[in-house]
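Engineer: Now for the letters of each chain:
Protein chains: 4
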Amino acid sequence: MLLKELRTSVLESNLELVKRGLVLYTFGNASGVDREQGLVVIKPSGVDYDDLRPEHMVVTDLDGKIVEGDLKPSSDLDTHTLLYREFPTIGAVVHTHSEFATSFAQAGLAIPPLGTTHADYFYGPVPVTPPLTDEAIGGRYVHETGVAIVDHFKKHNIDPLAVPACLVNGHAPFAWGKTPDDAAHNAVVLEAVAKMAYNTLTLVPGHTGVSQALLDRHYFRKHGANATYGQAKH
Amino acid sequence: MLLKELRTSVLESNLELVKRGLVLYTFGNASGVDREQGLVVIKPSGVDYDDLRPEHMVVTDLDGKIVEGDLKPSSDLDTHTLLYREFPTIGAVVHTHSEFATSFAQAGLAIPPLGTTHADYFYGPVPVTPPLTDEAIGGRYVHETGVAIVDHFKKHNIDPLAVPACLVNGHAPFAWGKTPDDAAHNAVVLEAVAKMAYNTLTLVPGHTGVSQALLDRHYFRKHGANATYGQAKH
Amino acid sequence: MLLKELRTSVLESNLELVKRGLVLYTFGNASGVDREQGLVVIKPSGVDYDDLRPEHMVVTDLDGKIVEGDLKPSSDLDTHTLLYREFPTIGAVVHTHSEFATSFAQAGLAIPPLGTTHADYFYGPVPVTPPLTDEAIGGRYVHETGVAIVDHFKKHNIDPLAVPACLVNGHAPFAWGKTPDDAAHNAVVLEAVAKMAYNTLTLVPGHTGVSQALLDRHYFRKHGANATYGQAKH
Amino acid sequence: MLLKELRTSVLESNLELVKRGLVLYTFGNASGVDREQGLVVIKPSGVDYDDLRPEHMVVTDLDGKIVEGDLKPSSDLDTHTLLYREFPTIGAVVHTHSEFATSFAQAGLAIPPLGTTHADYFYGPVPVTPPLTDEAIGGRYVHETGVAIVDHFKKHNIDPLAVPACLVNGHAPFAWGKTPDDAAHNAVVLEAVAKMAYNTLTLVPGHTGVSQALLDRHYFRKHGANATYGQAKH
Numbered sequence: 337m338l339l340k341e342l343r344t345s346v347l348e349s350n351l352e353l354v355k356r357g358l359v360l361y362t363f364g365n366a367s368g369v370d371r372e373q374g375l376v377v378i379k380p381s382g383v384d385y386d387d388l389r390p391e392h393m394v395v396t397d398l399d400g401k402i403v404e405g406d407l408k409p410s411s412d413l414d415t416h417t418l419l420y421r422e423f424p425t426i427g428a429v430v431h432t433h434s435e436f437a438t439s440f441a442q443a444g445l446a447i448p449p450l451g452t453t454h455a456d457y458f459y460g461p462v463p464v465t466p467p468l469t470d471e472a473i474g475g476r477y478v479h480e481t482g483v484a485i486v487d488h489f490k491k492h493n494i495d496p497l498a499v500p501a502c503l504v505n506g507h508a509p510f511a512w513g514k515t516p517d518d519a520a521h522n523a524v525v526l527e528a529v530a531k532m533a534y535n536t537l538t539l540v541p542g543h544t545g546v547s548q549a550l551l552d553r554h555y556f557r558k559h560g561a562n563a564t565y566g567q568a569k570h
Numbered sequence: 337m338l339l340k341e342l343r344t345s346v347l348e349s350n351l352e353l354v355k356r357g358l359v360l361y362t363f364g365n366a367s368g369v370d371r372e373q374g375l376v377v378i379k380p381s382g383v384d385y386d387d388l389r390p391e392h393m394v395v396t397d398l399d400g401k402i403v404e405g406d407l408k409p410s411s412d413l414d415t416h417t418l419l420y421r422e423f424p425t426i427g428a429v430v431h432t433h434s435e436f437a438t439s440f441a442q443a444g445l446a447i448p449p450l451g452t453t454h455a456d457y458f459y460g461p462v463p464v465t466p467p468l469t470d471e472a473i474g475g476r477y478v479h480e481t482g483v484a485i486v487d488h489f490k491k492h493n494i495d496p497l498a499v500p501a502c503l504v505n506g507h508a509p510f511a512w513g514k515t516p517d518d519a520a521h522n523a524v525v526l527e528a529v530a531k532m533a534y535n536t537l538t539l540v541p542g543h544t545g546v547s548q549a550l551l552d553r554h555y556f557r558k559h560g561a562n563a564t565y566g567q568a569k570h
Numbered sequence: 337m338l339l340k341e342l343r344t345s346v347l348e349s350n351l352e353l354v355k356r357g358l359v360l361y362t363f364g365n366a367s368g369v370d371r372e373q374g375l376v377v378i379k380p381s382g383v384d385y386d387d388l389r390p391e392h393m394v395v396t397d398l399d400g401k402i403v404e405g406d407l408k409p410s411s412d413l414d415t416h417t418l419l420y421r422e423f424p425t426i427g428a429v430v431h432t433h434s435e436f437a438t439s440f441a442q443a444g445l446a447i448p449p450l451g452t453t454h455a456d457y458f459y460g461p462v463p464v465t466p467p468l469t470d471e472a473i474g475g476r477y478v479h480e481t482g483v484a485i486v487d488h489f490k491k492h493n494i495d496p497l498a499v500p501a502c503l504v505n506g507h508a509p510f511a512w513g514k515t516p517d518d519a520a521h522n523a524v525v526l527e528a529v530a531k532m533a534y535n536t537l538t539l540v541p542g543h544t545g546v547s548q549a550l551l552d553r554h555y556f557r558k559h560g561a562n563a564t565y566g567q568a569k570h
Numbered sequence: 337m338l339l340k341e342l343r344t345s346v347l348e349s350n351l352e353l354v355k356r357g358l359v360l361y362t363f364g365n366a367s368g369v370d371r372e373q374g375l376v377v378i379k380p381s382g383v384d385y386d387d388l389r390p391e392h393m394v395v396t397d398l399d400g401k402i403v404e405g406d407l408k409p410s411s412d413l414d415t416h417t418l419l420y421r422e423f424p425t426i427g428a429v430v431h432t433h434s435e436f437a438t439s440f441a442q443a444g445l446a447i448p449p450l451g452t453t454h455a456d457y458f459y460g461p462v463p464v465t466p467p468l469t470d471e472a473i474g475g476r477y478v479h480e481t482g483v484a485i486v487d488h489f490k491k492h493n494i495d496p497l498a499v500p501a502c503l504v505n506g507h508a509p510f511a512w513g514k515t516p517d518d519a520a521h522n523a524v525v526l527e528a529v530a531k532m533a534y535n536t537l538t539l540v541p542g543h544t545g546v547s548q549a550l551l552d553r554h555y556f557r558k559h560g561a562n563a564t565y566g567q568a569k570h
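Residue numbers (our numbering), protein chains in the order written: chain A, 337 to 570; chain B, 337 to 570; chain C, 337 to 570; chain D, 337 to 570.
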């Protein structure tokens, strides 16, 4: 994908979040990475979505140094760049404060895999990080937010493409994917899954979720060599 | 109904599900059956609803063998065809992951008949299947999903036209009817009924529902020779 | 109000219910009464709202005998006419299956006056009737639904204009007012009040509501000779 | 800001509340203050939002005496003017009966700071006043509503610009800000924060919120000399 196309794709993902009701005012941001050039394209900070154009996207290197753009990048940039450095298979990151996923993040609860909607996208619980320490909050806070995600995935040996989202404790979700379109799609599904998990857990407190066999079946239906869902892509 | 009309009717039912907010992205499918010709018309898999045209519908026989169409049928086809083979009075099947009905399916809870909205459409609880065994999940999974529904209805002696929907445990609802329009209508009402049941049960846990007399009164108000609801149809 | 104007007003009230999201498909009906002529104007049964015109409204006498109109009246007609006969101060009746008010009706719970939104419209709890007996259900059921409302108001000495709504146990709400516009407005506010009561009671189970002083203050702010709300009407 | 501009700004804030779904019918009002002239601009009482024009706004002095305008001011005027007299740093006040914030007010519960969405706007819990005494309700009720807010903030030493909202017990929220735009924005965010707090507290009853370190970090990210959020304003 050319950098120009990546700008457009990142913008469209930001707008998809708005269209799907995941974003109030400017509470959200999407980015994409060009792995060959080592460049990140990200939404600028605090600009109205109605006014966003591809040329407003900010381009940085993988350490967050601005390469192109007159506007300040999203204040969450350092989380995005850390995820790109530590999760080399991902191509895009999305952050929202969508209502139900954020409610689980605030509750400090992972979202258990309660049904096949979840299992089609997330191969296991959507995890929640431990709360950040006061030192992490008082230090490189945005960077440490990414560290909390990466540490949790490494400690629990979770493949970030098998579980393409994480809840940051007391904050909100991050989702990712191979492309900006994928990442936004995963964030939208995460919100739907979180909403149904909320309903399920308030009906049956403590429900832990479906069987491993069902998780396997649904995950491999959409992923891997034997995927049977959708039209074959040529 | 001619096959051409059935294609249009199946498409319209798919679009009704979208219009009523029961379907996110491509999470849903509707089909209809031509009993005389033994043909099933079903939505293709993973195609955007905006792009769907009658000619995209896939036609199969009652065993799911494709008779017409270049696209892959919905991945849930084998559940639909099993329901047609085992429930000879039904003419259409709808599957969604609508939020509240799916939440009950995830909770493993039947929806009790808590009021007359329910009683006008479902003559008793909307049942939930037992969880599928690991063997069923690892085997002909989509077929076994239909088997779970049919077995539950036969074991409990439920007439599929008196209770035109079932929740699949850990998955989501299936609804049906005499025509694609009926089936979609039943799926929409099921979601409304599930939402109100959620509210009622979180206000009064364990509520089991209205009296048999009220179930009888409302069911026979809309069904059977003495129906008094709506305008007479000529 | 001329009968012609009443037809239009009744139609507009029906459409207001749809616009405010209180009605799914044809689950609702509004009527108005011309006290001088002793005539009731009511929505026909089971006709799509999109197709409704003033001339489709059905006119009956106060006993429900059709005076004008080719269509069947709403199947709830006998409840409306009973309310008109027994509550001589009301001029219009609205029935919906709106989500939260219906959820309270299904739960068999009155809506307590938990705040000033409630107190501005309902001078005390919105009551719920006792469940109908099997005899009442098996007999003149729709008529008996009205009897349950009227008996409850008379037994508890409630002025129907001070509390212009009632929940029918296991069924749904009826609301009323001086005009069709008032009745629809009260039904819309009832739903908003029910939704906030649901939230409040799931946060603080058993909350019984605000003080009598606050009920008095808000009720008399909008009603009676010393009303201070809104612009003076000339 | 000229008085003419303030009228337009107050009107726009009223309309923003409607656009964001915080206001049903006429249940809400916004005002702004011109500190130099000592004049308050406020929405008239009970006028449809569709019909509101800048010239309909009512102008009063800080004691609520009408200076310009033929319409009656909002019935909540005396609360607004008290807040302007007692909180000299604020420039605008907004009152709504938005669903979730009102539900907390009805429950008599403060909204704890459960996450960073909250912390970005409210530096600590959004407080709830004690219930008004019967004497206060029977006396200068609207004035006393403001007294309850101000007394609570003074007693607990809360800076009204650090926590720009308060829940009035058994009633609904008031929010404020430096400008009418700020005040409306704070009311919209308050509702989103209340909704997520509702979800969080029904998942994890008794959750008290994030650490002081996180509150500090997020509050000072958006406020004060070292703010890093948004584009620099020239």
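Warning: the hint list may mix true and false statements.
Just so you know, same-sequence chains aren't split out, so a pair can sit in one copy or run between any two.
Here are the simulated SDA-like cross-link-like pairs (lysine to any residue), alpha carbons at most 20 Å apart as the crow flies [claimed, not checked]:
1. Lys-531 / Phe-363
2. Lys-355 / Ala-446
3. Lys-558 / His-479
4. Lys-491 / Thr-515
5. Lys-531 / Val-354
6. Lys-408 / Gly-545
7. Lys-558 / Gly-474
8. Lys-355 / Phe-423
9. Lys-355 / Asp-386
For the record, the hints were derived by calculation from the structure and aren't laboratory data.
Engineer: Against this structure, judge whether each hint is valid.
Structural biologist: Here is how each hint holds up against the structure:
no. : hint              : result
1   : Lys-531 / Phe-363 : both (19 Å within a copy, 16 Å between copies)
2   : Lys-355 / Ala-446 : neither (26 Å within a copy, 32 Å between copies)
3   : Lys-558 / His-479 : between (33 Å within a copy, 18 Å between copies)
4   : Lys-491 / Thr-515 : neither (25 Å within a copy, 48 Å between copies)
5   : Lys-531 / Val-354 : both (17 Å within a copy, 18 Å between copies)
6   : Lys-408 / Gly-545 : neither (42 Å within a copy, 31 Å between copies)
7   : Lys-558 / Gly-474 : between (42 Å within a copy, 15 Å between copies)
8   : Lys-355 / Phe-423 : neither (28 Å within a copy, 38 Å between copies)
9   : Lys-355 / Asp-386 : both (11 Å within a copy, 16 Å between copies)
The structure shown violates the earlier hints numbered 2, 4, 6, 8.
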